[in-house]
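> One letter stands for each residue in the lines below.
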Amino acid sequence: MSDFISLYTAFSGLTAAQAGINTASHNVANASTIGYTRQQVDLISRTPYHQRFGQVGQGVDIQQISRSRIAGLDTQVRTSVAAQGRLDVLSNLLSGTEALMGEPNSGITNSMSGLWGAFDELTLDPPNTAARHSVISALGELTTNIRNVAEKWEAEAASASSLLGKYVDETNGMLREVAELNRLILSASNFDGPPNDLLDQRDRLLDDLSNIAGVTATTMDNGSARVSLDGLSLVSDTMVSPLTYDPATHEVSHSAGAIVSVGGELAGFQSYLNTELPAFQAALNDFAKDLADGLNSQHAFGFTPAGNAGGALLNYVPGDEAASLTVAVSDHSQIAAAGSGSPVAEYDGLNAEALANLRSALVADGGTVSLDDSIRSLVSYVGEMTAAATSGSRTQAAMTAAAENGRMQAHGVSIDEEMVNLITYQRAYEAAARVMTAVDESLDTLINRTGVVGR
Amino acid sequence: MRVTHLGAHQAALTRINTRLSEYAVTQDQLASGKRMRRPSDDPTGMNRALELRAALAAREQEGRNAADGKMWMDLADSKLQDAVGQLQRVRELAVRGATFTSPQEREAIALEIGQLREDLVSLANSQHQGRGLFSGFSAGDAVQKVGGVWTYTGDAGQINRRVGENEVVTINVTADVAFGFSAGNDVFSVLDSLETALRADDTAGIETALGNVDDGLQTVLGGLGILGARANQIETAIARNADDKITLTQQLSSLEDVDIAEAVMDLELQKTAYEAALAAFAQSSQTSLVDFLR
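Listed in order, the protein sequences are those of chains A and V. Residue numbers for the first sequence follow the working numbering, beginning at 1 and rising by one. Residue numbers for the second sequence follow the working numbering, beginning at 456 and rising by one.
In case anyone wonders, no lab produced these hints; they're calculated from the structure. Heads up, none of these hints are tricks.
Restraint-style ranges between C-beta atoms, simulated for each label pair:
no., chain 1, residue 1, chain 2, residue 2, range
1, V, Asp670, A, Asp365, 51 to 61 Å
2, V, Leu530, A, Phe301, 28 to 38 Å
3, V, Ser487, A, Phe301, 38 to 48 Å
4, A, Met399, V, Leu475, 16 to 26 Å
5, V, Leu475, A, Pro242, 33 to 43 Å
6, V, Asp714, A, Pro242, 47 to 57 Å
7, V, Val480, A, Asp230, 37 to 47 Å
8, A, Ala258, V, Glu717, 48 to 58 Å
Here chain V is said to cover these stretches of chain A; the calculated rule only asks that three of the stretch's residues, wherever they fall, bring their Cβ under 8 Å from a Cβ of chain V:
no., region
9, 100 to 109
10, 344 to 354
Quick reminder that beta carbons are idealized off the backbone N, C-alpha and C, glycines included.
Isolated chain A, as found in the complex:
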């Protein structure tokens, strides 16, 4: 074999050390890059050549530059961020819903107390025009309050629904990006080593996709990522099956037509739109109906100063009670405060008294609770749901932070470690250079100093 072989051996060491230094430098440069995976140079000793006395090593080969990534940690983080996305969206929406009620200082419960007070004041002085007017304005304040809550909730639902649509579009955009990255990765892998930085980019995208839609991602043998949801494939190699959103049912379906159960932030919107908010709205409608029916039926027992039986105090459209609740009386003479109509005594306030007594009467929820109880339990129902989502989101945030931190510790760059690597490779480089010098000197001896005896 050639005498120059040792030069090549030393050169391989130089190249390896150079690659090591380059990689360490890349790692240090990306020490603060979120989602960056520490890279390492995988070295392997070259196949030796055979001499009659044994095998002589030929140096080192760079097998590849790989990412030190543990796939199990990704699964943990993605499951966690999907749950996080759902709870964050839900708790945000519910907090908004709760705030729109204005409880405890300026909400419906407050106007209810105002109404009962107005009826009591009317009892004190039935023919008093001011007292009659304050009943009408208390009714007005209460109905405005109820209508406001109903309308704002409806607006909240509309904006949540349009946001959900946008998020579905965003998901589709991300799916296309994954497919594009798959294409780049597939073509790059065919030539030279793993395209680490593209892989990092794709992993980051898959994290985001888990957060937004709770997708499942699997890496296939060819290096492409398969993204699926609810068992249906969304991205396979470079093929994308986009999701579509139906604003009427708030369902998300696969391009094949099947409705898929989504996770992540999309699930948060969906749960709010299909479960929590409709329950609140139904309870508010029930309350508005019970309120109107309760007041109207008692009012009908009474008589106006002119001797007519009391008409309706409140009007509503069945099926949409809360949002359509209005005051039916406009003039003080329409208030039926008297309990007896033949003839109407001027100071008869028996029906005003009966109306005031509705305060504690069991007229709501099929005659099981009072109106005050009914609205109060709606307030605490909204509060409970919000509190559950908020505390769930807080707990989940701690878990997500722990999972993300665990992954970051495993995948991220440790400056100390890179410094040690840098010194190691620097020394290796120096040593390889020294070897070259040594070989060069021996060759010099061989070439220039041999065969000159007696010259």
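Let chain A serve as the given structure and place chain V on it in line with the hints.
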């Protein structure tokens, strides 16, 4: 365990944020003085707080109702006391009229009795805020002469005041009851016949009328008795109402308000924890191997 610098920094940042947000919550509670700002801060507590608020509003209204009722009853009571005084004077005059025989004197007595009757009529028709005290729900006079006969022209309306949860007090007596119309022996007609008997020097008539005056006196005293019993009830209700309001306010405060001493302590602790987290980060993030390589 492998530790990376970015990871360590992120973890430290999370810790610092957690400490700071705890600190902010306590600060917010101290500044507002409220433990619960939204229903979700404590759903069960908020439900109870809203119940207490509604109860407090109800008690306040009941307090106003009771005060209104009390005023009414005090006035009615004093009017009936006056009526008792007038009737006792009538009785004295009637006794004198039965014993003295001078026609001029009897005429003078008759005149005074006529005057007293007019006083009694105006007492029975007295008003409170434009509303007849003894006429039930009716707006007009309680007592009038209709076709030459004394008649109760009010109605039987019972004026009620809600003075507590499920406690209603009737605050009025009608002239029908208090002046004897319902018993068929109204004091006004009695006084009329007394006057007539005095002028006619009809001793037997005077005696009969005297007996009827005594009955009338008993009737008015009966009315006073009814009012007195109800006034007691309303006074008890007013006292209880004041107690209830204090209790409710205390309960509401203990439910909604921040325990200042405890919150200040918490704030101090959280401040220390926050500063410790900051200091720990500042200390630990200073060094790496780089500092020791030449």
